[in-house]
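Here is how the chains run, residue by residue.
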Amino acid sequence: MLQQRNEKAFGYLYDNYSGALYGIVNSIVTDKEIANDVLQNVFVNIWRKIESYDALKGRLFTWMLNIARNAAIDELRSKGYRDSKKNQPLGENVDVAGAVTGPAINDVGLKNVLTKLKGELRVLVDLSYFQGFTHEEISKALNIPLGTVKTRIRTALIQLRTMIQ
Amino acid sequence: MESYVLGLASDEERREFEKSCAQYPEVLAARTAFELALEKQAMENAIAPPADLKNKIIDKIGTAGKFVPMQPEQVRKISWLKYVAAASVILLAGSLYYNINLYNKNKDLQRNYDSTVAKLNDMDKDMQILQQNPNIRMASMKGMDISPQSYATVYWDSISHDVYLLVNNLPVPASDKQYQLWAILNGKPVDLGVSDIKKERLLIQAKNTQGAEAFAITLENKGGSPTPTMEKIYVMGKL
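In the order they appear, the protein sequences are chains Z and X.
Start counting the first sequence at 1; every next residue gets the next number (this note's numbering).
Start counting the second sequence at 1; every next residue gets the next number (this note's numbering).
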């Protein structure tokens, strides 16, 4: 009986949230086929880790969202992805650091909002949130002090929030 | 707050923020509001995944059909179970051993108890002989120089001339020695028999005597002696 309930609950989660999570995954990975694989990983992870979800730390969707983002970033950084020719080709909107500077056609949701941020703030959020670089890595790549990176990202995220709330 | 919700905060930042959420309801409210906004954003920009994806996922999960804990936790739980199982086996084995021990001890105790009860019954019988018989006369034999702590009592039935010896305290003789009881009659010692002074009987019946002025016990070689070894008188007393 309990098993059936859990399967049902999981099915409910999928039916209601797979679309939203797929959108997130797509905004990071962009290739549809790879995004499919990533989404599968996302839900398998959700299934396996459900007992580690702590309601005190946030809402269930936030927890799932972060699983999705992490899975997508892992794919980005995986050897297979970097080797494959399915990488997004560098376009005119991409600056030296590989961050998006202008809206791309299929940008939706948060990524679209991102483009409304100004200059360096946009680059920083893109590198940290959408590409998974650590503050340290960003600090080295852009030659900005670590503390500055942290402060600016914090500012950028606050702006991002005000744009969606 | 934004970093925390978006999964960008460091471990320390997370801990601090969690404390703030616990302490300040307004912080918690702000966090929840942001989370809701994110969810709304994500829902509004949802993209339908391929239809067959759901089944693929169900297959990958497997037919266990149940939410299972994270792998590390699972391992921890299994270890914990094994540990408890091992501990219970040890406990059980220990308890079994203890029980067997107790059972054996109990058997011994029971035997001891039974023999003690038998002794007491015999003592009772012996005492009855002495108490109910008005003709019994008593001779307290005190310890001599060889063995000042020794002490014995003779009960003499003046009518039947039966002699009973009560060993109050006499050292256990060597295996080649025995105690011999004497009646001093008309100044001469009369043999009343030898005994190993076993502790089972309080009262030992000795040979009869017509009378006596006194009684004495000497330590003789096994089998006794026709005349008492004067140097080995242990106890003596007048009737």
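Hint data in this document are derived by calculation from the structure and do not stem from the laboratory.
Do not take every clue at face value.
Short derived list, chain Z residues pointing at chain X, Cβ under 10 Å [to be verified]:
| # | residue |
| --- | --- |
| 1 | Asp-15 |
| 2 | Tyr-17 |
| 3 | Tyr-22 |
| 4 | Ser-27 |
| 5 | Ala-35 |
| 6 | Val-44 |
| 7 | Gly-58 |
| 8 | Leu-65 |
| 9 | Leu-76 |
| 10 | Ser-78 |
| 11 | Lys-79 |
| 12 | Tyr-81 |
| 13 | Asn-112 |
| 14 | Tyr-129 |
| 15 | Lys-150 |
| 16 | Leu-160 |
In this text the structure is predicted, and so the values were computed from the model without any measurement.
Note that beta-carbon positions come from the ideal geometry of N, C-alpha and C, so glycine has one too.
Taking the hints in turn, this is what the structure says about them:
1. Asp-15: holds, 8 Å
2. Tyr-17: Hint on Z:Tyr-17: holds, closest Cβ of chain X at ~8 Å, below 10 Å.
3. Tyr-22: holds, 5 Å
4. Ser-27: holds, 8 Å
5. Ala-35: With Cβ-Cβ at 8 Å, under 10 Å, it holds.
6. Val-44: holds, 5 Å
7. Gly-58: holds, 6 Å
8. Leu-65: holds, 7 Å
9. Leu-76: This interface hint is violated because 15 Å lies over the 10 Å limit.
10. Ser-78: Since the shortest Cβ distance to chain X is 18 Å, the answer is violated.
11. Lys-79: violated, 22 Å
12. Tyr-81: Because about 19 Å separates Z:Tyr-81 from the closest Cβ in chain X, which is outside the 10 Å limit, the hint is violated.
13. Asn-112: Given a least distance of 8 Å, the restraint on Z:Asn-112 holds.
14. Tyr-129: holds, 6 Å
15. Lys-150: With a minimum Cβ separation of about 9 Å from chain X (threshold 10 Å), the hint on Z:Lys-150 holds.
16. Leu-160: Z:Leu-160 check passes; min Cβ-Cβ to chain X is 7 Å, inside 10 Å.
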